[in-house]
Amino acid sequence: MIAAYLEIRDGKIKKSSLEALSEAKRRAAELGVETAAVLVGAAVSGLAPAAFAQGAAKVYIVDNPVFADYSSQAHAFALAGFAAQAKPSAFFFAATAMGKDLAPRVAARLGVALVSDCTKIAVKGGALEFTRPIYAGKAFLSLRLKSSPQLATLRPNVFPVGQAGEGTGETIRLEVAIPEGSTKGRVTEILKEESAELDVTEADIVVSGGRGLKGPEAFSLLRDLAAVFPRAAVGASRSAVDSGWIGHQHQVGQTGKTVSPELYMAVGISGAIQHLAGMSSSKFIVAVNKDPEAPIFKVADYGIVGDLFEVVPKLTDELKKALKD
0 MIAAYLEIRD GKIKKSSLEA LSEAKRRAAE LGVETAAVLV GAAVSGLAPA AFAQGAAKVY
60 IVDNPVFADY SSQAHAFALA GFAAQAKPSA FFFAATAMGK DLAPRVAARL GVALVSDCTK
120 IAVKGGALEF TRPIYAGKAF LSLRLKSSPQ LATLRPNVFP VGQAGEGTGE TIRLEVAIPE
180 GSTKGRVTEI LKEESAELDV TEADIVVSGG RGLKGPEAFS LLRDLAAVFP RAAVGASRSA
240 VDSGWIGHQH QVGQTGKTVS PELYMAVGIS GAIQHLAGMS SSKFIVAVNK DPEAPIFKVA
300 DYGIVGDLFE VVPKLTDELK KALKD
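When you line the sequence shown up against numbering that gives the first Met the number 0, it's residues 0 to 324, in that order.
A portion of the hints provided could be inaccurate.
Label-pair distances were calculated between CB atoms; the ranges are [as the list claims (entries may be wrong)]:
hint, residue 1, residue 2, range
1, Gly214, Glu179, 45 to 55 Å
2, Phe139, Thr254, 19 to 29 Å
3, Glu261, Thr187, 14 to 24 Å
4, Asp223, Lys297, 20 to 30 Å
Keeping only pairs whose Cα atoms sit at most 20 Å apart, straight-line, the calculated PhoX-like set for lysine-lysine is [to be verified]:
hint, residue 1, residue 2
5, Lys145, Lys119
6, Lys14, Lys119
7, Lys137, Lys297
8, Lys282, Lys137
9, Lys99, Lys123
What the hints contain is simulated information worked out from the structure, not anything from laboratory work. Backbone N, C-alpha and C define an ideal beta-carbon position, used for all residues, glycine too.
Given the sequences, and given the hints that come with them, work out the whole structure.
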């Protein structure tokens, strides 16, 4: 069995988790084993049909009010308990903020290895082979895990979500005991960003700005450009975030968020290796920079050498016309 943990946000399964489940289904089909999904929370059984639609043969549910709010310690106990009872051969997580926090804890409790930020999974010789970027994306490492279950986090927007079907399957409820005193922290309040902007890791198109914007006011140009597209978000380089021009939740790069959208537009970003590590796996990259020698052009599919304050408004207008027609 290959299982996938399904992260829940605002009562829905996150797209990145459905990607992990879809990949689990593809690899399980090659190995001739079942696919399972795991839901942890309070009153989450209603989400099982969405997992069946993505090919899960079994949905394991750990349903308890104690899991209503995310707790890394409590959720790690729950998932380690699932693994001990269901004994999957592999267990996938999305490489989101939650997945990166949770998967290592589960691996530690199980005493097994973990592959982080996978961009490819293949079946070779009847075994799973995982590939992940190393050295800030300069090279790729392929490896196999000897321990079981094989734990891995999958980079969002790299693995496609399968065609939704009308599948059905078996729902299995698990009771996992949380030892008293093992949960040392609890959620007292969740503060959400006031704006309804899409998270960069969930967006199909990301428009990012860097030091070339010269100040926070110029991010309005990027928001206007992003508004032209559906499911688009505004990102930023570390220098823009460190300067206080935009919030940290927008940061793309090695110390920020890793994105792999269909289209990544880098505006006024020189292309430091730390930034490239967070976006180089994007399907198409468009760069706008006045410096023709900027490193960003080495990874860009299309480049525009020019003043972003002139290029971006014209580009926005032309895209509006083209999409309107």
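Here is how each hint holds up against the structure:
no., hint, verdict
1, Gly214 <-> Glu179: 45 to 55 Å, "holds (53 Å)"
2, Phe139 <-> Thr254: 19 to 29 Å, "holds (21 Å)"
3, Glu261 <-> Thr187: 14 to 24 Å, "violated (38 Å)"
4, Asp223 <-> Lys297: 20 to 30 Å, "holds (28 Å)"
5, Lys145 <-> Lys119, "holds (18 Å)"
6, Lys14 <-> Lys119, "holds (18 Å)"
7, Lys137 <-> Lys297, "holds (13 Å)"
8, Lys282 <-> Lys137, "holds (17 Å)"
9, Lys99 <-> Lys123, "violated (26 Å)"
In this structure, the earlier hints numbered 3, 9 are contradicted, and the remaining ones agree with it.
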